[in-house]
Amino acid sequence: MKEAKRRKKLRDAGVIDIGYELTASKAIENIEETMKRYSKDWRNVDEYLNKNHDPIKEWVTEEQLAKIHQEVRGLVDEYMRVEYELLREALAKDNDEKYKALKVKYPKKKKEKRKKKPKDMTGDRTLESLYNELKDAGIIEEIGHRDFDEFITDFNFVADDTRDEDNLTTLGPAKGDIKMVIQESMLGMGEFDVPKPKSLLLIGPLNSGKRLLCEIIASELDAVFMNLSPENTYKYAKDLKYFLHVILKVAKAFQPTIMYIEEAHRLFWKKVPPEAVDINPKLLGTSLASKILKPLKKNDKIVLCDYGTSFLLWLELMTENAPDDMKEYAYSALARVLQAYNSGDIDDNVKETLNIDRRMRLKNEALDPNEFLEYFLSKNEPPIFPPDEKIMDKFDKWFGSANKLQKLRKSYMAQKLAKATKKK
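When we follow full-length UniProt numbering, the leftmost residue of the sequence shown carries the number 1, and every step to the right adds one.
The set of hints was computed from the structure by calculation and includes no laboratory data. Take these hints with a grain of salt, some might be off.
[What the hints assert, rightly or not] 27 Å max Cα-Cα, derived DSSO-like pairs, lysine-lysine:
1) K235 <-> K210
2) K291 <-> K241
3) K351 <-> K210
4) K249 <-> K282
5) K8 <-> K26
6) K282 <-> K238
7) K5 <-> K407
8) K294 <-> K404
9) K36 <-> K135
10) K119 <-> K135
11) K241 <-> K297
12) K419 <-> K5
13) K423 <-> K410
14) K270 <-> K238
15) K36 <-> K51
16) K404 <-> K419
17) K238 <-> K294
18) K238 <-> K252
19) K241 <-> K294
20) K419 <-> K2
21) K416 <-> K404
22) K98 <-> K119
23) K407 <-> K422
24) K40 <-> K57
25) K119 <-> K8
26) K252 <-> K241
27) K119 <-> K291
28) K282 <-> K252
29) K297 <-> K210
Only a predicted model underlies this, so the values are computations on that prediction, with no experimental measurement involved.
Turn these sequences into a full structure, and let the hints guide you.
Below you can see the structure in the form of structure tokens.
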């Protein structure tokens, strides 16, 4: 304990602790092991001419020979024992001795405790019939082709230039950073058993692209899309056990699968509003962790689903809907003025303002940026305004409480403040 306290004092004082030994990282050990395996097995293999990715014959032969060797070894051992007993019997006859057979003690096989297999509630039904049942009930939805290019975003390049005196970022992630994290979380849904999260929580104000992201994930993975929102699940309140059994069975059989819950916070409401009582939003709240997420194994491919971005959004949407001679349009000004609006609102605005009738009149009547403002303020009843600052502050506060790095930053700042007050 004294030695540990001494080292802590030295570290707090900025003195390098010479006695500290760095522990090896498991990730680096795995990488080194993979590199050794590659240098041993693959370095001398020429795959250039193997266009069809056919199996390497030498490896297949070695693998099959190893299996045959294991099978034959037991027979050879048995024949050797029989031959040895015959020789002992012949030796006993030659010496006029009584022959006694050796007692071979075989190791006792441990009896494996057989786990009771849970009864399959739908054992008499085919997977196709269960799939069609969920599809007819609106749980499984068909998703059209979507890709990540439709989710127009940009990275927060300013964050690195606005670091504080402790070299910590002062600005949060932009939509481009969030998009990259979601793409990385999809890596384990392919052929290899890459570690992956069991669930993703997409949080944001209304019409900010959460549903679009879920559909893009399902489309990119060619996955089954299950909509487990309260509007679809309330009718299973009387037979919830059967419903959970069916969705998990179908999800595992038709992997990869995306389970989508719209406005998931409704599952954990303490008080249900009167207008939402009919859809029973808390139905899956108690079963979400224990009955859906917990049974999923590592190899199951099932997931329970700024200014720069604003400028790119206007540029992409306008170039899609406007003529080619509008390259020098006031995109930057529009992005700055309407930067607080959600991407879904901007998308609806461009499509409605630049409808077929307006595009036909563009050559005679130039497009005025005020037309986009009019859509928000006068063409809708009630007018569409950006999300309230109080709501956005709530999202920022939640992000700070849920982010591990943010918690570490707060503890670091508290320690720094405590040291500063001591010096005074």
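Here's how the hints hold up against the structure:
1. For a cut-off of 27 Å, the pair hint linking K235 to K210 stands: about 25 Å separates their Cα positions.
2. With a C-alpha separation of about 9 Å, the suggested pair K291 and K241 falls inside the 27 Å cut-off, and the hint holds.
3. Only pairs whose Cα atoms come within 27 Å are accepted, and K351 paired with K210 is accepted, the gap being roughly 19 Å.
4. Distance hint between K249 and K282 is fulfilled; the C-alpha atoms sit about 22 Å from each other, no more than 27 Å.
5. A C-alpha spacing of about 26 Å is found between K8 and K26, which places the hinted pair at or below 27 Å, so the restraint holds.
6. With a C-alpha separation of about 14 Å, the suggested pair K282 and K238 falls inside the 27 Å cut-off, and the hint holds.
7. Between the alpha carbons of K5 and K407 the distance comes to roughly 25 Å, so the proposed pair stays at or under 27 Å and holds.
8. Only pairs whose Cα atoms come within 27 Å are accepted, and K294 paired with K404 is accepted, the gap being roughly 22 Å.
9. For the hint pairing K36 with K135, the CA-to-CA distance comes to about 49 Å; that exceeds 27 Å, so the pair is violated.
10. A threshold of 27 Å between alpha carbons decides the hint, and for K119 with K135 the separation of about 24 Å falls inside it, so the pair holds.
11. The suggested pairing of K241 with K297 holds, with an alpha-carbon distance near 20 Å, which does not exceed 27 Å.
12. A C-alpha spacing of about 17 Å is found between K419 and K5, which places the hinted pair at or below 27 Å, so the restraint holds.
13. A distance of roughly 20 Å separates the Cα atoms of K423 and K410; the hinted pair therefore holds under the 27 Å criterion.
14. Distance hint between K270 and K238 is fulfilled; the C-alpha atoms sit about 21 Å from each other, no more than 27 Å.
15. Pair hint K36 plus K51 holds up; C-alpha atoms about 26 Å apart against a cutoff of 27 Å.
16. Our distance criterion of 27 Å between C-alpha atoms is met by K404 and K419, whose separation comes to about 23 Å.
17. A C-alpha spacing of about 23 Å is found between K238 and K294, which places the hinted pair at or below 27 Å, so the restraint holds.
18. Taking the CA atoms of K238 and K252, the gap is near 24 Å; set against the 27 Å cutoff, the hint holds.
19. Taking the CA atoms of K241 and K294, the gap is near 15 Å; set against the 27 Å cutoff, the hint holds.
20. Between K419 and K2 the alpha-carbon distance is near 22 Å, which keeps this suggested pair within the 27 Å criterion.
21. Restraint check: the Cα-Cα separation between K416 and K404 comes to about 18 Å, which is no more than 27 Å; the hinted pair holds.
22. Proximity of K98 to K119 is assessed by CA-CA distance (about 59 Å); at most 27 Å being required, the pair is judged violated.
23. With a CA separation close to 23 Å, the supplied pair K407 and K422 stays within the 27 Å bound.
24. A C-alpha spacing of about 17 Å is found between K40 and K57, which places the hinted pair at or below 27 Å, so the restraint holds.
25. Annotation: proposed proximity of K119 to K8 is violated, straight-line Cα distance about 57 Å (limit 27 Å).
26. For the hint pairing K252 with K241, the CA-to-CA distance comes to about 17 Å; that is within 27 Å, so the pair holds.
27. Between K119 and K291, the direct Cα distance comes to roughly 16 Å. Compliance with the 27 Å bound is thereby established for this hinted pair.
28. Taking the CA atoms of K282 and K252, the gap is near 24 Å; set against the 27 Å cutoff, the hint holds.
29. This hinted pair checks out: K297 and K210 have alpha carbons roughly 26 Å apart, not beyond 27 Å.
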